[in-house]
Amino acid sequence: MAVQAFPASAVTNRLARNRLSWGTLGGYVVALAAPLTVVGAGLTNGWAVTGLTSIPIAYLAVALILWWFAVGYVALGRRIPNAGALYVTIAAGIGRVAAVAAGLVAVVSYAAMEAGLLGGFGVAGGRQIAELFGPDISPWWVAIAALVVITVLGVLKVNLAGRILAIALVAEILAILVFDVIEIAHPHGSVSLAALNPLELFGGGGTALVGMVIALTGLVGFEDSYNYSEEAKKGAPWIAVYGALAFTAAIYALSAWAMTVAAGPDNVVAGAGKYADQYLFHLVSPYVPSWSLRVAQILLCTSLLAAAIGFSNTGARYFFALGRDRVLPAVFGRTWSRTAAPAGGAIAQSVLVLAIIVVMVSRGADPETALFFGGTVFAGYGVLLLMTLCCVAALVYFARKRRDENAWQARIAPVLGFLGLAVIATVTTVNFGTLVGIPNDSFAARALPAGIGAVAVLGIAWGLLRRATNRTAYGRIGQGGRHLTAGPAAAVPEPSPAATSEAVVLGGDG
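Numbering (full-length UniProt numbering), first residue to last: 1 to 510.
Take the hints with a grain of salt, since some may be wrong.
To be verified - So the derived label-pair ranges between C-beta atoms look like this:
#1 Arg446 x Glu200: 29 to 37 Å
#2 Pro329 x Gly51: 46 to 54 Å
#3 Arg446 x Gly364: 37 to 45 Å
#4 Gly203 x Ala246: 38 to 46 Å
#5 Val152 x Lys234: 25 to 33 Å
#6 Ala276 x Thr469: 20 to 28 Å
#7 Arg471 x Val152: 33 to 41 Å
#8 Leu293 x Ala454: 39 to 47 Å
#9 Val430 x Ala276: 49 to 57 Å
#10 Val359 x Pro329: 16 to 24 Å
#11 Asn470 x Tyr242: 38 to 46 Å
Keep in mind that the hints were calculated from the coordinates and are not lab data.
For every residue, glycine included, the Cβ atom is placed at its ideal position computed from N, Cα and C.
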């Protein structure tokens, strides 16, 4: 039996082709990490929570684990270049039912990430508006105003958002590097390499692993390169994956070390607890004019906004992929004819983010502690679980359908990546409360990670229901638009192991 063919539309079912170069895409995914936000708040949080000075090594250690993950992820991504990359990868290796669960977890996780970043932007942006112009605007209104702008950008050409992110990224990276130079040039005593001692980190036991979890949340986003593979130029996604991971890990490790030099290794932990997200600015303030600190504070706002824009586009493409494969309503799988952007997905993403914000407002939650810290950690946890499953997917896929991939790509790196990510996922689950600033034995500390599990269970149930009641719709799952080819309609069989790369071989489904 032939693969199902449905009437195709070049303007309503397909994303724009060849719009993103490797440089644009790389800048795009680096911006997702919000570098200035991580340097300004993430590093400080790492010291304050763990009490360890060797946070620079934590970022490098996590980058190594993520590189292992990336090897199999990239090798498989070259076979199945589609939007909704984590979802499609899991479909190819583990199966359709698991893919439905993964797709829903991805949608919820990236919406929570955008909402969390908007919470942080609301606080930081509202503070700058009050200090510069006088009016005291609620952080929630600032966040909602930003969401409106982001929604508009989401239906425009993807390279327009890419240019905006590139401008914001260059500015914040320059600010980070200038601050690094100033800190190293003004050491507390002498320039010390104590923070680069790996023995201090790995001698910390469970505390060190918590530090690695915090480091991982600052690196989430590089995996998004393959989410744009339909819109990227040839070779751009894999270059962007490795380039973004290496660049962000290096800039974070350098900046963390520079801050320990300026504060002194013996003082950096205490200073992090005292000054919190203002620690970076405290360290450089004696050596720079006051206006430069104001500029840096504004760049912190643009860093948060740029990352929110990027994650909005990420979520939109997951909605698009799931709508195109009929996991979600078909309207989400359509693009706007003028821009070939996933307009339905962009609007759905914004509606979901708005719903999260409204729930937080109705509960009287704090936009910084509850939404920014809680939302981003929750989102990072969901993405971490998906990346762990992707390592399994790569192993299964290449065990069944290996071509020119070597043992490192097909077996060794995915195994190492799975082991490393599984350990981090376990530590995250156990210490979720610590990561969001609440007791580990509290209801919220258990409910938040359980929420990801609930979404996954819902996805499994939906996948099983599709398999039992609608085999045609079920056959679309994980196909990434391969069914949108001209030809007569026909039922969709389960792909066989002999299928080509144009028809994804799905594992675990009957």
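Results for each hint:
Here the CB-CB span from Arg446 to Glu200 is close to 31 Å, well matched to the stated 29 to 37 Å. Distance hint for Pro329 and Gly51: a CB-CB separation of about 49 Å, consistent with the stated range 46 to 54 Å. At about 21 Å, the CB distance of Arg446 to Gly364 disagrees with the hint of 37 to 45 Å. At about 27 Å, the beta-carbon gap between Gly203 and Ala246 misses the expected band of 38 to 46 Å.
In this structure the hint that Val152 and Lys234 lie 25 to 33 Å apart at CB holds, the actual value being about 30 Å. For the pair Ala276 and Thr469, the supplied restraint of 20 to 28 Å is violated, since their beta-carbon distance comes to about 52 Å. In this structure, Arg471 and Val152 meet the distance hint of 33 to 41 Å, their C-beta atoms being roughly 39 Å apart. The hinted window of 39 to 47 Å between Leu293 and Ala454 holds, with their beta carbons roughly 44 Å apart.
Between Val430 and Ala276 the Cβ separation comes to about 25 Å, which falls outside the hinted range of 49 to 57 Å. For the pair Val359 and Pro329, the beta carbons lie near 22 Å from each other, so the given range of 16 to 24 Å is met. The supplied range of 38 to 46 Å is met by Asn470 and Tyr242, whose beta-carbon atoms lie about 40 Å from each other.
When the structure is compared with the earlier hints, violations turn up for hints 3, 4, 6, 9 and for no others.
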